[in-house]
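J.: Sequence:
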Amino acid sequence: MRTALLVIAQNGFQDKEYAGTRVSLESAGFQIVIASKEKGPCSGKFGGTVMADIAMRDVVLREYDRIAFIGGPGAAAYASDGDALKLAVEAYRTEMPLGAICIAPTILAKAGVLEGKRATVWNEDGEQSEVLAERGAEYTGEDVTVDGTVVTANGPDAAEEFGRTLAAL
139 MRTALLVIAQ NGFQDKEYAG TRVSLESAGF QIVIASKEKG PCSGKFGGTV
189 MADIAMRDVV LREYDRIAFI GGPGAAAYAS DGDALKLAVE AYRTEMPLGA
239 ICIAPTILAK AGVLEGKRAT VWNEDGEQSE VLAERGAEYT GEDVTVDGTV
289 VTANGPDAAE EFGRTLAAL
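Numbering of the sequence shown is given in the numbering used here, commencing with residue 139 and proceeding in unit increments.
These are calculated hints, taken from the structure and not from any lab test.
Be a bit skeptical, because a hint or two may be false.
Unchecked claim - No farther apart than 27 angstroms at their CA atoms in a straight line, the calculated lysine-lysine pairs in the BS3-like style are these:
| no. | residue 1 | residue 2 |
| --- | --- | --- |
| 1 | Lys177 | Lys154 |
| 2 | Lys248 | Lys183 |
| 3 | Lys248 | Lys154 |
Claimed, not checked - Distance windows between CB atoms, simulated:
| no. | residue 1 | residue 2 | range |
| --- | --- | --- | --- |
| 4 | Ala193 | Glu233 | 23 to 29 angstroms |
| 5 | Val161 | Gly185 | 16 to 22 angstroms |
| 6 | Gly264 | Asp191 | 32 to 38 angstroms |
If you're wondering where the values come from, they're calculated on a predicted model, not measured in any experiment.
Built from N, CA and C at the ideal position, the CB exists for glycine as well.
Please build the complete structure, drawing on both the sequences and the hints.
T.: Okay, structure coming up:
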């Protein structure tokens, strides 16, 4: 069975993005493992609770076929988190399908994996597209953008399409 790793914030992941991405990946036959800063309970922006199966620092990347960073206000901290940045870089270097939705594409940008790539991001205030541009990415403004093995999406309404697209890579 193929396995997808979903990385969510310990506090403040985006519930709808998590659910939509998970449903699409499971429908495509993926088993789901949840990672966060620490193993244990994670709380969503809208009150959902999800148990993280593993701490990011303990992830062995070769055990997974896909990795996706889920957005929400809590995901912003991962753009400066060494464990999150390391996961993004390692997945990219091994050409593993790698995804990020909402604000999470800023994690990929700060990890250096969006340089020279087309990407999208939640950009209601205009700041996130600037982060991508500063790191060498071309901001598309699309709901979902694919460039090579990297899939980015702009928010909760794109979650199911994001999951389907990541599954199909």
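J.: Which numbered hints are broken by the structure, listed smallest first?
T.: none
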